[in-house]
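Peer 1: Sequence:
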Amino acid sequence: MTGWQQSPATALLILADGTRLEGRGIGAIGHAAGEVCFNTAMTGYQEILTDPSYAGQIITFTFPHIGNVGANDEDIETVNMAALSGVRGVVLKADITNPSNYRAVQKLDAWLKARNIIGIAGIDTRALTARIRENGMPNGVIAHSPDGYFHEPSITAELNAFPGLEGLDLAKEVTTAQTYHWDQTRWEWNKGYGKLENPEFHIVAIDYGAKRNILRSLADQGARVTVVPATATAADVLAHNPDGVFLSNGPGDPAATGKYAVPTIQKLMETGKPIFGICLGHQLLGLALGGKTSKMHQGHHGANHPVKDLTTGKVEITSMNHGFAVDSDTLPAGVSQTHISLFDGSNAGLAVEGKPIFSVQYHPESSPGPHDSHYLFTRFLNHVRAQKGMEQKPEHPKVEA
1 MTGWQQSPAT
11 ALLILADGTR
21 LEGRGIGAIG
31 HAAGEVCFNT
41 AMTGYQEILT
51 DPSYAGQIIT
61 FTFPHIGNVG
71 ANDEDIETVN
81 MAALSGVRGV
91 VLKADITNPS
101 NYRAVQKLDA
111 WLKARNIIGI
121 AGIDTRALTA
131 RIRENGMPNG
141 VIAHSPDGYF
151 HEPSITAELN
161 AFPGLEGLDL
171 AKEVTTAQTY
181 HWDQTRWEWN
191 KGYGKLENPE
201 FHIVAIDYGA
211 KRNILRSLAD
221 QGARVTVVPA
231 TATAADVLAH
241 NPDGVFLSNG
251 PGDPAATGKY
261 AVPTIQKLME
271 TGKPIFGICL
281 GHQLLGLALG
291 GKTSKMHQGH
301 HGANHPVKDL
311 TTGKVEITSM
321 NHGFAVDSDT
331 LPAGVSQTHI
341 SLFDGSNAGL
351 AVEGKPIFSV
361 QYHPESSPGP
371 HDSHYLFTRF
381 LNHVRAQKGM
391 EQKPEHPKVE
401 A
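Heads up, the sequence shown is in the UniProt record's numbering, so the first residue is 1 and it goes up one at a time.
Derived by calculation from the structure, the hints in this document are not laboratory data.
Please read all numbers here as calculations on a predicted model, not as lab measurements.
For glycine and all other residues, C-beta sits at the position ideal for the given N, C-alpha and C.
Among the hints, erroneous ones may be present.
Said to hold, decoys possible - Computed cross-link-like contacts, EDC-like style, restricted to lysine to aspartate or glutamate with a CA-CA straight-line distance of at most 16 Å:
id : residue 1 : residue 2
1  : K295      : E270
2  : K93       : D124
3  : K191      : D327
4  : K107      : E74
5  : K355      : E200
6  : K107      : E134
7  : K93       : D109
As the list claims (entries may be wrong) - Estimated spans, in silico, between C-beta atoms of each pair:
id : residue 1 : residue 2 : range
8  : Y180      : E74       : 18 to 28 Å
9  : A177      : E200      : 25 to 35 Å
10 : N116      : N241      : 31 to 41 Å
11 : N241      : G345      : 18 to 28 Å
12 : S294      : T231      : 19 to 29 Å
13 : D183      : I29       : 33 to 43 Å
14 : E197      : A130      : 44 to 54 Å
15 : G194      : A130      : 40 to 50 Å
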């Protein structure tokens with residue numbers, strides 16, 4: 001009779017300080033380096049893993065049961081399918097179970113393989129999360145080898161070669177390669193996604209890593225959307241004769257992307273056209289107005305972040321995903337801070353006084369409230385309606401009992 005033997009680890013997560021975590025491999029085979037962050041959302045893991053804003057990151061899910069509703073063809077956020085999303089890896093507590101949801105068409109493990117995302121399960125994600133909260137988001141490398149053999153010199157070399165997200169422009173990696181048009185509207189229960197038939201407005205969206213549901217939210221407001229690459233110039237944008245300009249979310253350091261994006265945004269602001277930015281678009285707008293951005297200690301990643309609207313006093317439950325923030329103390333005169341995070345007081349929104357230009361740091365399209373922040377899309381299109389002399393819509397329509 002032989003003694004009990006533990007199966008060898010088939011996955012590793014090694015942090016920059018040498019911390020080594022062993023677990024069970026899932027998803028793609030290989031190794032990849034990135035910044036390790038954590039996300040506190042209890043649902044929406046497929047949307048998170050396809051959000052281009054996570055490019056260059058390894059996501060630790062604090063909720064223990066990830067994958068239990070499987071994967072489907074609808075809950076995908078990345079628009080640029082050639083770039084998939086840019087997520088480097090995923091860290092889980094529990095093993096992926098068989099899916100239990102009527103919309104599931106694939107097990108999460110197979111879905112991860114198809115998207116070339118490396119995963120590790122069996123990790124004490126509470127301890128890892130506490131470590132990130134205490135020490136900040138570390139660089140790390142995740143590896144998966146089904147036979148348990150790892151060529152550690154190669155793994156360590158990849159970790160050492162990863163520069164971190166500061167100073168890194170990732171928008172060029174996830175943006176669209178060519179201009180295209182969007183007319184799909186939001187998903188409805190048992191109906192799926194709709195199509196905008198009679199657009200009233202034309203919005204140009206600059207794609208720094210745009211999410212599909214943002215584009216759907218604009219279409220829901222009656223806007224036909226033309227999506228242009230991150231490197232589009234002001235002349236490129238204005239050649240489409242838009243009624244307004246949208247600055248999308250995206251990954252990386254806004255100061256790095258700002259080297260080419262800020263001059264474009266500044267020229268667009270001179271036109272007087274309405275401008276609305278989300279996430280990276282918010283940070284780039286802040287830079288274009290003369291403010292500064294900085295790297296956050298642990299970032300904001302989750303679907304339960306309270307944000308206070310300083311203009312109304314109301315609190316919204318929001319979805320957030322960012323590791324950089326606009327420094328509100330650097331905003332110049334004529335630019336007001338409109339929203340703040342109630343977790344740490346960091347900036348979550350700004351507006352240019354007397355002009356139809358504003359932005360928020362969070363994701364109003366993600367519906368965690370569930371509809372707390374949808375009014376922002378109405379506000380943006382109301383600026384367009386005002387310039388066209390049209391009747392404006394209420395930002396918070398009454399709900400009949």
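Peer 1: List in ascending order the numbers of the hints, as given earlier, that are violated by the structure.
Peer 2: Going through the list in order, the structure violates hints 1, 3, 5, 6 and 11 and respects the others.
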